[in-house]
Amino acid sequence: QQPVQSPQAVILREGEDAVINCSSSKALYSVHWYRQKHGEAPVFLMILLKGGEQMRHEKISASFNEKKQQSSLYLTASQLSYSGTYFCGTGAGGTSYGKLTFGQGTILTVHP
Amino acid sequence: DAGVTQSPTHLIKTRGQQVTLRCSPKSGHDTVSWYQQALGQGPQFIFQYYEEEERQRGNFPDRFSGHQFPNYSSELNVNALLLGDSALYLCASRRRTGAYEQYFGPGTRLTVT
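Heads up: the protein sequence lines correspond to chains A and B, in order. Using the working numbering, the letters of the first sequence correspond one by one to residues 1 to 112. Using the working numbering, the letters of the second sequence correspond one by one to residues 1001 to 1113.
One should not assume that every hint holds.
[Unchecked claim] Residues from chain A that face chain B, not an exhaustive set, calculated with beta carbons under 7 Å:
no.	residue
1	Ala41
2	Pro42
3	Ile47
4	Lys50
5	Gly51
6	Tyr82
7	Phe87
8	Gly98
9	Phe102
10	Gln104
11	Gly105
[Said to hold, decoys possible] Label-pair ranges, simulated between beta-carbon atoms:
no.	chain 1	residue 1	chain 2	residue 2	range
12	A	His111	B	Leu1083	18 to 28 Å
13	A	Gly15	B	Gln1056	34 to 44 Å
14	B	Glu1051	A	Pro7	39 to 49 Å
15	A	Ile11	B	Asn1071	23 to 33 Å
16	A	Ile11	B	Arg1022	37 to 47 Å
17	B	Thr1097	A	Gln8	12 to 22 Å
18	B	Asn1077	A	Gly15	47 to 57 Å
19	A	Asn21	B	Asn1059	19 to 29 Å
20	A	Ser6	B	Asn1059	23 to 33 Å
Rather than coming from a laboratory, the hints here were simulated on the basis of the structure. C-beta: ideal position from N, C-alpha, C; glycine also.
Sequences are here, hints too, so could you generate the full structure?
Structural data, given as structure tokens:
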């Protein structure tokens, strides 16, 4: 089943913060976050594994709540380059390892 | 360090035709997955290959088939094309052991008329 992302879209001024959430109805082994700009391929941001630590990449961090089957992506002091569509991809592990099920995406727009 | 590469970049086909898309994984990666991304949607998993065999398959008909070669590169074949097959086809690669990140290629934009 496809994970649900919220919000569907968010508009920010440069320097503002944002949170994107990803919820699944299935038990998760991993959550993968990607950013995709128009006409380009998704770019890997970070991965969170069951039992692992919160991850951070520059001013972007993410958390994984295994009990709630949720992950959140935190964008701090947003930059114009953060604009794009953010996707979470969930992995179930076990025999399904490597198969990612993606949410519908969150469109982030950062204005000067 | 070369990333994931795909060819061709764009392709226009007629309904009923067949198409072959190609993917070379990132250096050091041995596992390739194919995804279909319709406009405005997230990528949908088609199948995954490692050790030259299909290991997992998503909810796609048998018209979608693939192959992996000894050098880990891969092909996606789609037969009897339908208008609904128009999409961006993405290849992702990773190392099967010791790492979990998947990296996407630039994609092939397929248009079926």
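How the hints compare with the structure:
| no. | hint | in the structure |
| --- | --- | --- |
| 1 | Ala41 | holds, 4 Å |
| 2 | Pro42 | holds, 5 Å |
| 3 | Ile47 | holds, 5 Å |
| 4 | Lys50 | violated, 11 Å |
| 5 | Gly51 | violated, 13 Å |
| 6 | Tyr82 | violated, 19 Å |
| 7 | Phe87 | holds, 5 Å |
| 8 | Gly98 | holds, 5 Å |
| 9 | Phe102 | holds, 3 Å |
| 10 | Gln104 | holds, 6 Å |
| 11 | Gly105 | holds, 5 Å |
| 12 | A/His111 to B/Leu1083: 18 to 28 Å | violated, 37 Å |
| 13 | A/Gly15 to B/Gln1056: 34 to 44 Å | holds, 42 Å |
| 14 | B/Glu1051 to A/Pro7: 39 to 49 Å | holds, 41 Å |
| 15 | A/Ile11 to B/Asn1071: 23 to 33 Å | violated, 45 Å |
| 16 | A/Ile11 to B/Arg1022: 37 to 47 Å | holds, 39 Å |
| 17 | B/Thr1097 to A/Gln8: 12 to 22 Å | violated, 37 Å |
| 18 | B/Asn1077 to A/Gly15: 47 to 57 Å | holds, 48 Å |
| 19 | A/Asn21 to B/Asn1059: 19 to 29 Å | holds, 25 Å |
| 20 | A/Ser6 to B/Asn1059: 23 to 33 Å | holds, 24 Å |
The structure shown violates the earlier hints numbered 4, 5, 6, 12, 15, 17.
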